[in-house]
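**Student:** Chains A and B supply the protein sequences, listed in that same order.
So in my numbering, the last one in the first sequence is 286, and the numbering has no gaps at all.
So in my numbering, the last one in the second sequence is 286, and the numbering has no gaps at all.
Simulated from the structure, these hints should not be mistaken for laboratory data.
Source: prediction; values computed, not measured.
Be aware that one or more of the hints could be misleading.
Because identical chains cannot be distinguished in the list, a pair is counted as satisfied if it fits within a single copy or across any two copies.
Okay, derived cross-link-like pairs now, SDA-like style, lysine to any residue, Cα gap no bigger than 20 Å in a straight line [stated by the list, open to error]:
1) K240 to A281
2) K237 to E222
3) K158 to F221
4) K158 to V220
5) K158 to A181
6) K237 to S248
7) K158 to P219
8) K158 to G134
9) K240 to Q227
10) K158 to E222
11) K158 to R215
12) K240 to A216
13) K158 to Q245
14) K240 to Q259
15) K158 to T233
16) K240 to H145
17) K240 to R286
18) K158 to V202
Number of protein chains: 2
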Amino acid sequence: MGFAVLRGQDLDHLAIVECGVIATPKGGSGAERLVALADGLDGLIGRHALRAVAVERLFFNRNVRTAMAVSEARGVALVCAARAGVPVFEYTPHQVKLAVTGYGKADKKQVQQMLSLLLHLSEPIRQDDTADAVAVALCHAQGLVASAALERAR
Amino acid sequence: MGFAVLRGQDLDHLAIVECGVIATPKGGSGAERLVALADGLDGLIGRHALRAVAVERLFFNRNVRTAMAVSEARGVALVCAARAGVPVFEYTPHQVKLAVTGYGKADKKQVQQMLSLLLHLSEPIRQDDTADAVAVALCHAQGLVASAALERAR
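Only chain A is shown next, with the shape it has when bound in the complex (with noise of 0.2 Å):
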């Protein structure tokens, strides 16, 4: 699973602070896995003081055993900010997309230079899981800057 901390007073000065994948056991059992998940999810909770987590909500059509362990995957990382007192908000990937690259169907490329120039990256993110990650986070701070803004302009 992918997972960015950004960090930043306004989106000007938005950076990432950690982003990876939480690695699994390849060989382990699904409850084996998801221990591991639930683990590195506490422990990268702990590591930050985090005020809010973003997941991507997913609408998925084609393949359901895959949906079906994303999903598992998902409810752990729910579980875990909920638990940790932090509140947890879900974007779709349109969303995502939308506040990215202003344009809700695009690629994974774009998203990806679009990710390099709004946080003044040096090289690009190249793996998709943290790349994903990390548009989602971006997708919540946009959000929440622009709360912000119409909070102050009322």
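Once you've looked at the hints, dock chain B against the given chain A.
**Tutor:** Only chain B this time, still in chain A's reference frame:
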């Protein structure tokens, strides 16, 4: 989510210690409902010295939305059991029906009737999720007894 705790030295003396449904807050977010589920399962595992947890393995091909919600709950259940150090076993609905009724395509009613018979219940279990949980637990118990008999025969 339905649950059932069985106890007994052999199949003729199996009894239900506790069974029912872990309720989750209807109005709550997905994360809140999953935390309620995790809390309920942790409580259940803490109250009983479980030797094993048996979980239904699902193969969906119709409602993906349902499959995803059930899978989120399944992921949480697997982590609760595994983190408590209780070995987890998974059975398909086909295996469960075959074990309980001798027929892999038995309907709910037939499963309920066999549960009443095998567990000497004075009243059938009418709640579907509870009956499913009792059937999964019974399926696992039968497998244990069969393994033990094979072991002795060697």
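**Student:** Run every hint past the structure and note whether it holds.
**Tutor:** Consistency of the hints with the structure:
Neither within a single protomer nor between protomers do K240 and A281 lie at most 20 Å apart by alpha-carbon distance, with minima of 29 Å and 56 Å respectively. In this homomeric assembly, K237 and E222 come within 20 Å of each other (Cα to Cα) only inside a single copy, at 18 Å, whereas the closest approach across copies is 38 Å. Taking the shortest Cα distances, K158 and F221 sit within 20 Å of each other only across copies (18 Å), while inside one copy they are farther apart (29 Å). Proximity of K158 to V220 under the C-alpha cut-off of 20 Å is restricted to the inter-copy arrangement: shortest distance 18 Å between copies versus 28 Å within a copy.
In this homomeric assembly, K158 and A181 never come within 20 Å of each other (Cα to Cα): the closest approach is 30 Å inside a single copy and 30 Å across copies. With identical chains, the CA atoms of K237 and S248 are at most 20 Å apart within one copy only, with a shortest distance of 18 Å there and 54 Å across copies. Within a single copy, K158 and P219 get their C-alpha atoms only as close as 31 Å, which misses the 20 Å cut-off; across copies the closest is 18 Å, which meets it. Taking the shortest alpha-carbon separations for K158 and G134, only the intra-copy value of 16 Å comes in at or below 20 Å, while the best inter-copy value is 30 Å.
Within a single copy, K240 and Q227 get their C-alpha atoms as close as 14 Å, which meets the 20 Å cut-off; across copies the closest is 41 Å, which misses it. When the C-alpha separation of K158 and E222 is checked against a cutoff of 20 Å, the pair qualifies only between copies, where the shortest distance is 19 Å, while the shortest distance within a copy is 28 Å. In this homomeric assembly, K158 and R215 come within 20 Å of each other (Cα to Cα) only across copies, at 18 Å, whereas the closest approach inside a single copy is 27 Å. Taking identical chains as interchangeable, the C-alpha atoms of K240 and A216 are never at most 20 Å apart, the minima being 31 Å within one chain and 39 Å between chains.
Taking the shortest Cα distances, K158 and Q245 never come within 20 Å of each other, neither inside one copy (31 Å) nor across copies (41 Å). Taking the closest pair of Cα atoms, K240 and Q259 come within 20 Å of each other only inside a single copy of the chain (11 Å); across copies the shortest separation is 46 Å, beyond that limit. In this assembly of identical chains, the alpha carbons of K158 and T233 never lie at most 20 Å apart, being 34 Å within a copy and 36 Å across copies at closest. Neither within a single protomer nor between protomers do K240 and H145 lie at most 20 Å apart by alpha-carbon distance, with minima of 23 Å and 59 Å respectively.
Neither within a single protomer nor between protomers do K240 and R286 lie at most 20 Å apart by alpha-carbon distance, with minima of 37 Å and 58 Å respectively. In the homo-oligomer, the alpha carbons of K158 and V202 lie at most 20 Å apart inside one protomer (15 Å), although the nearest pairing across protomers, at 24 Å, exceeds that limit.
Checked against the numbered hints given earlier, the structure breaks hints 1, 5, 12, 13, 15, 16 and 17 and satisfies all the rest.
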